[in-house]
Amino acid sequence: MKNLIVTILSAQPIPNVQFIKYIQNKLKNEDKKFEHLFVSTEETEAKGIGNWICKVCGISQLQTIVVKHNSLSDIQTKLTEKCSEAETYFVNVTGGTKIMSMGVSDFFKMKANARIYYIDGNKSWLNFPENERYNNDLADNINLREYIESHGFEMSERRMSGIDFKYTKTLFDYFLEFEDKERLIINKLRDWRQKKKKSFKVNEMKGLLDFMCKINFPTNDEYVTISKDEVNYLTGDWFEEYIYFRLKDEGKVKNENLKTGVHLTKTGVCLLYTSPSPRDRTRSRMPSSA
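Each residue of the sequence shown is one higher than the last, beginning at 17 in my numbering.
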């Protein structure tokens, strides 16, 4: 007989994903089979939240029960009709409305082989059976990509410039000393950033050659041309890479959770996230790529 993982879906998918991944890993380590049951509502189904969770948790088959969020009797009736027998029921009542949590809890408390959990931040509370109540720290089992995809976004990353971090640190020092004429060049380069050309002639922009020489910009053709990637770097990507490598060197963030040039897409929505790229020392702005 298989085990059943029961999840109440809600607009906050992270506790669901944390719980599912935790129980799945536990059962896999014990070489036990399991199935999934989602308790949902029409509104939650319309948003596709269950699909997002299935993708992140690798769920290919499941049963979904759609209930009325404010009706205990509807919840009880549908669980009675559709909930299959299981070796153990692992039930997460964190999501949904209070009525849904009450209804699901009441139903499974009638089963001696049920274990009912509540996820509170980084802790997992076992609420039932009452004689076994305890709480454990919840393992950090979600990486950045899973967190983003749990909310229905697709994530892609832009490749980095390839310019050595030692130079990027040097550019940071130059940046702190920029005067108006250097800022003017950066602003003009931002106009180039919007163009579809792959490269530009350095002599097309007055003052650009002097600027590149002043900051000792690394180049392969002695400042004859500047590529679109180099324009992107000088107009903001350098600062994003600076933050990225600083965090990486400090080792306080897992590499899998450290990204740069992240492009987020969702049906009807398109977001581009980059680290801040300030114009000067006193003002901040929206990312240069936004």
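Honestly, I wouldn't trust all of these hints.
[Unchecked claim] Computed cross-link-like contacts, EDC-like style, restricted to lysine to aspartate or glutamate with a CA-CA straight-line distance of at most 20 Å: (1) Lys275 <-> Glu101; (2) Lys217 <-> Asp180; (3) Lys270 <-> Glu165; (4) Lys44 <-> Glu103; (5) Lys49 <-> Glu59.
Because the hints were derived from the structure by calculation, they are not lab data. Being a predicted model, the structure only gives us computed values, none of them experimental.
Structure-based check of all given hints:
1. Lys275 <-> Glu101: With Cα atoms ~44 Å apart, Lys275 and Glu101 exceed 20 Å; violated.
2. Lys217 <-> Asp180: 23 Å, violated
3. Lys270 <-> Glu165: 18 Å, holds
4. Lys44 <-> Glu103: OK: Lys44 and Glu103 at ~15 Å, within 20 Å.
5. Lys49 <-> Glu59: Status violated; Cα separation ~31 Å.
In summary, the structure is inconsistent with hints 1, 2, 5 from the numbered list given earlier, while agreeing with the others.
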